Each structure stands twice: as structure tokens, then as C-alpha cells.
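*Asks:* Got chain A; can you put chains B and C on it based on the hints?
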Amino acid sequence: MTGGSWLCLLAPLGGTILITLCGTRIPRLAAAWIATTSVFVAFGGAVWTFVEMQSRQPRSRSEITTAWTWLQSGNFHAGLQLLVDPLSAVMMLIVSGVGGLIVLYSIGYMDGDDEERRYFAYIAFFVFSMLLLVEGGNLLLLLVGWGLVGLSSYLLIGFWHERPSAVQAAKKAFVMNAFGDATMALAFFILIAHTHSLDFGANFNVHLSSTAENLVALGLLGGAAAKSAQIPLQTWLPDAMEGPTPVSALIHAATMVTAGVYLIARTHPIFEQARTVELIAAGTGALTLLVAGLIALVQVDIKRVIAYSTMSQIGYMFLGAGVGAYANGMFHLLTHAFFKALLFMTAGLAIHALAGEQDIRNMRGLGRLMPFTKWCFLVGALALVGIPPFSGFFSKDSIVASAAALGTWYGWIFWVCGIAGAFLTGLYTFRLWFLVFPGEPSPFVREHYHDHHGREGAWTMLVPVGVLALLATVGGWLQWSPRWHPFTDWLAPAAQTLAVAAPTNTQEYYTSAATVIAGLAGIALAWAIYSEQTIAVPAAPFWRRTLEHKFWFDELYDAVFYKPAVALTNGLRREFEEPVVLQTGPDLGETTLATGSLVRRIQTGLLRTYVLFLAAGAAGVVLAFLIAK
Amino acid sequence: MNATSLTSILIWLPIAGAILIWVLPLSRYATGSLALLFSLAEVGFWIEQAARFDFSRSGLQMAERASWFGDLGVSYHVGVYGFSLWLVGLTVVAMAACTGYGFWVGRDRSRAYFGLMLLLTGATVGVFESQDLLVFYAFFEAMLIPLYVLIGVWGGARRMEATIKFVIYTMAGSLLMLAAIVVYGLQAGTFDLVDGPVSASRWLFLGFMVAFVIKAPLFPFHGWLPDAYREAPPEVSAVLSGVIAKAGLYGMLRIAIAKFPDPTSFYRTTVLALAAAALVYGSLLAFRATDFRGVVAYSSLAQSGLIALGLFAGTDLGFDGAVLQMVAHGLISTSLFLIAGAVERRTTTGEFRLLGGMARGRPALATLLMTVGIISLAVPGSASFAGEFLILAGVFQRAWWWSAIGAGAIVLAAMYMLRLISAVLHEARGSTVADEALDLRPGELALVVPLVAGLLFLSAWPAGISHHSFFGQSPAATVKGQFK
Amino acid sequence: MPGPDVAWYVAVAAVLFGIGALGVLIRRNTLVVLLSLELMLNAGNLALIALARHWHNGAGQIFALAVMAIAASEVCVGLGLVVALNRRRLSLDVDTLSELRG
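Residue numbers (my numbering), protein chains in the order written: chain A, 34 to 662; chain B, 325 to 808; chain C, 663 to 764.
Just chain A, with the same shape it has in the complex (with noise of 0.2 Å):
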């Protein structure tokens, strides 16, 4: 079992390896192979892992592994070590699985760009930071793999690095990560203070005082938050699509943004024990995916709308982890795997075909050209609206169940968030879907299409597509909460879903029937003011202007915290540094030559002044001697 989770961490960080030492001395295709064949090597061993730990008992199903103690001193120390269990094999199998689909996609995607193979190092790279990031056998190896995919994800944003907006989001998505791991390093140091150690057993079953849980679990939720791009940390992710499509797909949509969720459900006993704090990375959720349908209402760039939606999303899978159902919410991690990224893939076919366009309206009647895009892309979407039987429909309704499940007010207030975020889903996918898809191609799309050989694209891009369209319809049947539950009950022994947010199957199922009529409900709306057009979009100057400006989180962080540095520092250098520290060097200088200059007009070059000064010293010690007499 630890031999497939080696296997499954290392085989990406030799192909990174590989592919930079052997630089330009392979071919493009060669590296892109590369990396391909390590991620593929790492799902084999995600699925050697699992088979294996199926044929155990659930009580023995996690272990640990030490390659060698990586950091220590006085009584701390943290080894280099794996924990396989039931979550983090969940997770290798996603990030290896779709990560390999889209690592295959990506040959297709970047064939011709003339720095393939730093791409390819690139991503591998990444998906190694990312099993790192799941199998990480301590807190600071999982901060270790945190870090790593923040640094790969600025690589790969930054890649095309000659387009200033372009390098400017990696730095942001970079900072902005950056800020999240400060959070959880100050987390970790009270953990360390008060257990000396990051272990997972002596950090989970140690009791503190409930300021320090708090703040414990405070940091855990600020890191979690910049990594999933939930607010007030949520800024970075639609500039990051400045990235190419596979890497939005990989890291914006399938894996990393997804990790706070993982750590939430990592680390739920720190979170149970301050349930406050976990509450309120629920409410954040919920706020957030509010927040984010609204904005994706006015975006007119296709991958916005789909990185909106992410954050949408992802704000679901905080509710579920935050109101204790994490088999829920990693439930939607994987579903959301399949369609997120089956998504941006069926985006990146319709940009890579209308050569790097991507503002949707300019975009009208595409399907008639790319019937195989337009239906892929509609499976996409009715999962993601979460219409039955697609997969979005099992693992959201869950989630929406389980805040009614807590029956308090809050509870309440999150379903109520939950099942409105449903309709905005709807509103907002089917508005790209018939600005995009149906009708009759404009001049723009009829003008700039150009296919791969006869077909829509390289069968590398085609293939992962299709598979990944299989398995966002199927893959939700893994699980219909109220009648078969193999997936929470395989998690139950990394972690048990809360007594309180499990809802009943009446729940369920009214649950289940007001989240599809609301999505219904945001399809037909769409349709309306879309493909009809029937109803007018409201003027509302004010609210779109607020929507566009993506409710001024940018000018506000702008506002309070980079023009305050940047004007402090300009002061200090201008007021301080110059005038004082750079100073005090040269005029202590000066005024020893000031010193110098007064005192040199003693010596006359005389003869006679030095003897006056020696007969006159001679003097003055006689009398000294004659007074002390």
C-alpha cells in the first residue's frame, strides 16, 4: 500500500526531473510524453494503493511512512512522510486521474507553443506538489505540498510570461496564496508551542483552551481560503485564467483550488473541537457562492464565467465541510473534478479552434461547427446545474441537505443560499451555453474557425473530453445519498460525517426536488432572456457596474493595502532612510574633517609656537605640582 503512494508522489517529480536535465536535447513531443507517461505512472499507483486498501479492514486502513526525518530540533521533529488512508486515497485517485486527462489534453492544447517542454515540466511538477499536498504525513509536510502547489500554480499562470497581465496574476495568485500560508504556519506554531510536534495523532487528540483552538482552526480557514479562492481571498482566481486552458482546468478547477476543502476534512478534529470557526468557513462558503454566481452573471470571457463558477462551486464544498458532512463536500470534490474540468477542456476546443478568442460574444452559433464540443459542453453544464442524472445532482443536494440537516437558524440560512446559488447556476451556465452554442454562426466564429485535420481537435484533446464527459455523467451514480452511500462510508474512517449534518431521507428529497426546480428554474430564465429574448436584462446601472467590478475587491485591497505600503515605503525611504541612515555615515565623516581642520591651525610649522606650547606645558606642570604641593 505505501509502495503504490511512493510510486504515485515520485513518478511526476521524475518527470519534472527528466524533462529538465534533458532540456532541448529531446524533441517537444518527447517531453510532453514525459510528463504524460509520470502522471499516468502516478495513477497506477493511486490505484495499486486503493485496490490495496479495499482488501483491508476499515479500521487498518491508514498508514504511515517515513523516508527519513526531514526537519528537527530540541524535541521537534517532522519526518518526510506519506499517511495513505481512505481520504488521501480519494484524492490521489482525482489529482492523478483528471490530472492525467489533462496532462494528455494538454499535448494537444500546446502543440506549437515554442516552450513546451518547460510547460510539461511544469505541470508535472504540479501534480507532484498537488500528491505531496494529499499525502503529506504531517501538518508540515501538507503546508510543504500547500506551498509547492501555490509555487507550481504561479509558474503555470505566469507561463506565457512575455504578457504583462499575464505575469502580473501569477504574482497576485502567488501573494495572495503566500498570505494564506502565513495564516496556517501561525496556526501551526501555537500547535507546536503547546504538542512540540505537527504530527496528525498528537495535534488531533490534544485539547487546548478554546482561544487557542480557535485561532488554531482561524489560520487553518485563512490558508484553506486562499487556496480555494473563497472571500475575502478570492481575487486571484478569475485574473489567473490568464494561464493557458488545461492549466485553469488542472489547478482552477479539479485539484488545487479544491485543497481547502481537502484540509478541511484533513484536519475536521481541530475544526470540531472550535465548531464556531468551522461554522463560519460554512458561511463563507455560502457567502461566497452567492458572491461568485452573481459576478459570473456579467463576465464575458468564457474561462471567467467557468472560474466563477469554480469558486461557486467550491463554496458548496465548504458549506458541506463546514457543517460536518465532509463525505459530502469531497463528494463534490470528485464530481466537480469530472465536470469542472470537462468544461474548461470543451472551452479550451471552442478557444484553441477560434484561434485564442475568448469573449463570448463573439462566439454565437460555434455548435453548428463543433456538434462534438457543444454536447460535451452540455453535459458539463447539466452536471453542473445539477439536473438528475447528471453527477453534479447527487453530490449537491447532499450538501443542501445537510444544512437543513443542522435545523438551526443558520442551517436554514445556508439552504436557503444553497438552493438561490442553484438557480444562479443555471441562470448564469445556460446564458454562456445559448450565447455560445446554438443558432447560427456570426461572421466572427465563421471567420476565425479553423479545425485539426477534419475534426475539432487533436485526438489527444478529443479523448480526454470524451472520457471526461462519461464521467461526469456516471460518476455521480457512485452515491445517492438516501438509498446507497458507498463513498461517505468509505470515508467514514479518515472522517465521519457529523451526527448533526446528516440529514434525513425526507430532507433529501425536498431538498433534492427545490435545488432542481430552482436550476430548472435559472435554464428557463436563461432561455428566456437569451435564446428568446423575451425578457430584457434590467438596466440596474448600479448593480452592474458592481457586478463587473466584481463588487470593488480589488480596489478595496488596492485601496487598503498596496497603496498604504507602497506610500510607507516610498515615505520611510524619502523621509528616513535618505535623510537619516544613508546620512549618518558621511556626516559623521564630515564632521571628524570639520574637527580636523579646526584643530590644524595649531600647527604653525613654527619653531618657536611649539616651544611656547612646550615651555608653556613645562609650566603648567610645575605649577600643577607646586598647587598639589
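Keep in mind that a hint or two might mislead.
[To be verified] In silico negatives: residues of chain B with every beta carbon more than 12 Å from chain A:
no.	residue
1	Leu-337
2	Ala-340
3	Ala-354
4	Gly-394
5	Ser-434
6	Leu-530
7	Ser-589
8	Asp-759
[Stated by the list, open to error] Keeping only pairs whose Cα atoms sit at most 25 Å apart, straight-line, the calculated SDA-like set for lysine to any residue is:
no.	chain 1	residue 1	chain 2	residue 2
9	A	Lys-596	B	Phe-676
10	A	Lys-583	A	Gly-316
11	A	Lys-596	B	Ala-728
12	B	Lys-804	A	Ala-226
13	B	Lys-804	A	His-229
14	A	Lys-662	A	Phe-646
15	A	Lys-662	C	Val-672
Honestly, the hints are just simulated from the structure, not real lab data.
In this text, all values refer to a predicted model and were calculated from it rather than measured experimentally.
Note that the Cβ used here is the ideal one computed from N, Cα and C, for glycine as well.
*Replies:* Showing chains B and C alone in chain A's frame:
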């Protein structure tokens, strides 16, 4: 060869090499090769020393002692502890790379130049190995003389100004330290660091600390730093920030903290505040600096603050983290300055507004600068992350707000380092970046790649240093027990 | 053998010393300055010998001998300098020899 003689060999071999180079009328090429040979031999001897060092034993190892002024209690006493071993290693490795860089760019007046570089090597190793205060002082001063000349003769346009500032600051600190040494030695009856008693005198503590705080430097004693780092030749800047600054921090650990436990606790908050100020102030100014070396210079100020934060936390994690971070940052800033030198050679400038777009077509430069830059901003998993994590976790046990400040500064570190990387490598091509400006040449790679490889090795196994610097389970107890 | 009181000797020595010192301060000719210097040295010698006799202590006389030896060598050096100055046709006026002016 006797293991104990390795300690003295490491000090005197490069000094003998320096004298040899000054005496022999060799050509530029022969001089450079000879100097490089000596500095590589240093590395070899250090590896031998590290291999023979017994980490399972407490106290001073490979010590040599000979009476010098017997009636004053002064002796030539040298030896190594775990943490000094690492700093000696940092010195010989960084000095070898920098000597190699001087050879690569072909510094003029080569006999003077290489002799001074070797003298600097010997003196710096002497600082880290000497166990007698007067010997320590002698090496501490001997270290400065070559630096004055190296900056003043081979530096940039404003080199005299930079040299004068450097002289004024360091002399002021050294003189106070000399006074403190004399008073301490006469009071104690011995100048020996191993046998000498602890002292409760706050004045003496301050006398030592002034020298170390200027050398490290900490805020607001860094007036010499920006000019010296900008005007010195790049390899000398690399030595200054990578190695010489560590001598100040080493002095804090070996003398100020170990010999003055009571004054240390009395002034702890003050020093921690200075260190935190250096950290935040340095990070902020690095964020707005307009040139390559300016960013690295102010980030060195910030890093010195961070390390001092760890040392004066006085906790196990703080000490271990500080030693680890000294070595990691030494390697980082040496590499960064050498890369800065390589960039300046290709473009004649380090100004950001004139640079940019160097990544395209120069994979080796881009990869190395990215790797070092990313390690330097302490991305989790890197050696400097391990060091900073231990330091901040250590100082957290003193009071939480130091760690909060430190964590904030690390976010700033990400901002300034990414700004540096993209200003040099990314976006539109700068006006001074010619198409035909080459990628790093094999000679430059041979200098920088070993440093980066060392950093990557430390990233894979930071416990190699963090757990092998102080004997026993508790570094704080070891320091308190005078490293015995 | 009674003689004048020791105070007279000391007074004469003081007067001689004063004359010598004034000479050094006032005169500008190098030779005269050297001459005045000798006068001062011998004033010291006189005081030493007189007091040695007064206290019946031979050390003072030994000192006087040492001073004489030093005076002799000093005159050698001093005259040598004067000759050297003269040879290089430099002025013998001490006030013009102010190269060490700060």
C-alpha cells in the same frame, strides 16, 4: 594528518596562499588558477573536517591551543563546534565561488586581488574558529582590511563613498568591541572563550553588540549596507552579504548570548524589536528598490533581522533555525549576487526599468534565477522555509507578535522577490537587453550550480544542519551551558 | 669649604635658562637658536651639579655627564643640519622652515 591540525590549516592555508601570490611574479592567469586551487583545497579540507567531526560528542572539537601572552591569559586557541563547522563550510564554499567569479571575469591587478580574496578567506574562517577573544578580534579586523581595499579599488563609480561609509561604521563598532574585550579579559583574568566566565555587565554586552549589530546589520545600523552592496564588485557583495554579515550574527551567538546571559535577557526585547524592525523595514525597502542589487541588499537586511530574531528568541527552535537560516541565506545571497553580476555584465546595468524579458532564449539564467529567487522567498519545502519556520516557531514561544510580524514579512518577501524575478526575466525586453546577450556560460554555471545544488540538498534534508549544530536535545540548554 | 649658598647657584642657573629660552623663542638665526639651546642645557647642568653637591649625592653629577654627552651629539646633528641647509642654499631663518605647517 592529525584531525586537530585541520582547524589551523583551514585558517592559515589561504593566508599562506595570499603571501605566495603576492611574492611570486606570476601572470594573471596563473595567479587566478593558483588562488582557485587554494580555495578549492580549502573546500576539500573542510569536507575532511566535517567528515571527522563527531556530532555525538559535546564541547569544542579539533581544538588547538598555544600560549601567546601567558600572563594576560591570551592564547592562540582555535576549534570548532557544530554550528561553527557549518559557517566555516559556508565561508569556504562561498569564497571559492567568488574567487572563481573573479577569475572568470578577469579582475585587473590580479595578484593584489587574488591575494586579498585568499586573505579574506583565511581571516573569515579564523573568526568562526577562534576561541580566544583577542584572536577573534584580530581576525575580525583582519577580515575588514581586504574588504576595504576590494571595495575601494575594484568597486563601481561611487566606490570611495561606499568604502568610507563602510570604514566609519565598522571601525566604530570594532573599537567599542575592543574596549569591551579588554575590560572583559582583565576582569576575568583570561581572554579565553571556552574557559572564560559569564559576565553580568550590561556595558560589556552593549560594547560587543554594537560591533555585531553593525556587521549583521540590524536596523538602524545599516547605513553602510546599500552603498557597499551596490558599489562593490558583485563577488565582493556576495561575500559581504553571504558570509561577512554572518560573522556578526555568529558573534551574537558565540559571545554576546553565551557569555552574557543576564544582559541578554535584560535587552532581549530591545534586540528583538531591532531585529523585527530590520525584517519589516528591509522587506519594505526591498519591495520598492529599483535595481537588482538594491533588492538583494535590503532583503539581506531583512534576513539578518530574521536570524537575529531566532537567536534572541533563546529557544531550541530559534537557535537551530537561526544556524540553518545563516547557511541557507549565505548560499542564497551569494548566488543572487553572482547572478546579478552575470546580468550586469550582459546589460551593463541592474536597473529594473532597463531590464526585462531575459528569460526568452536564456533557459539556464532563467532557471537558476527562478530557483534561487523562489528558495529565497521561502517557498514551503525549501531550506530557507525550514529555517524561517523554525525561527518563527521558536520566537513564537517568546511572544506571539514577533511571529506575526515575521509571517507578514514573509508575504512581503514573496512580493519583492517575484518583482525582481519578473523585472529581470519577464515581460517586454528591456532596452539594455540585446538579442545577442548570451545565456550563462559554462564557467558561470560551474560557479552557481554547486551553490544551488547545495541549497536543494539542504531543502531535501534541513535536519542535516538544524539537528547537527548543537550537541544534545536542547540547543537552548547547550548555549546556556557554554556549549560544553 | 664654605661657598655661596646653593640658592645662588640655582638662581644663576634659572637666569641662564631664561636667557636660553628667550633666545630660542626670539632669535631667528638657526645658529643662535642652537647656541641658546646649549645655554639652556648648561643651565640644567649647573643646577644638577650644585644640588648634587648640596645633597651630597653623586647621581646629579652623573646626570650632568650624560647631559653633556647628549648635548655634544645634539650639537653634531644640529650643526650638521645647519651645514646641510647652507649647502642647499636655503635660508638659515627658522621661520621660513615651516614645511610642517598643518
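*Asks:* Please go over all the hints and tell whether each is borne out by the structure.
*Replies:* Okay, the hints, checked on the actual structure:
Distance to chain A confirms B/Leu-337 as a non-interface residue, since its nearest Cβ pair spans about 33 Å, more than 12 Å. Every CB of chain A lies more than 12 Å from the CB of B/Ala-340, the least distance being 35 Å, so the non-interface label holds. Listed as outside the interface, B/Ala-354 is consistent with that label: its C-beta sits roughly 35 Å from the nearest C-beta of chain A, beyond the 12 Å cut-off. The claim that B/Gly-394 is not at the interface with chain A holds, since no C-beta of that chain comes within 12 Å of its own (minimum 37 Å).
For B/Ser-434, the requirement that its beta carbon stay farther than 12 Å from each beta carbon of chain A is met, with the minimum near 31 Å. No beta-carbon of chain A is positioned within 12 Å of the beta-carbon of B/Leu-530; the least distance is around 18 Å. The beta carbon of B/Ser-589 is kept farther than 12 Å from every beta carbon of chain A, the shortest such distance being approximately 19 Å. At the 12 Å boundary, the C-beta of B/Asp-759 stays outside the reach of chain A, the nearest C-beta of that chain being 14 Å off.
Using a Cα cut-off of 25 Å, the hinted pair A/Lys-596 and B/Phe-676 holds, with the two alpha carbons roughly 20 Å apart. Taking the CA atoms of A/Lys-583 and A/Gly-316, the gap is about 19 Å. The hint holds against a cut of 25 Å. A hinted pair counts as satisfied when its Cα atoms are at most 25 Å apart, and A/Lys-596 with B/Ala-728 qualifies at roughly 21 Å. A hinted pair counts as satisfied when its Cα atoms are at most 25 Å apart, and B/Lys-804 with A/Ala-226 qualifies at roughly 21 Å.
Proposed proximity of B/Lys-804 and A/His-229 is supported: the alpha carbons are some 21 Å apart, at most 25 Å. In summary, the hint linking A/Lys-662 to A/Phe-646 is supported, as the alpha carbons are separated by about 24 Å, within the 25 Å threshold. Using a Cα cut-off of 25 Å, the hinted pair A/Lys-662 and C/Val-672 holds, with the two alpha carbons roughly 21 Å apart.
Going down the numbered hints, you'll see the structure goes against none, and every one checks out.
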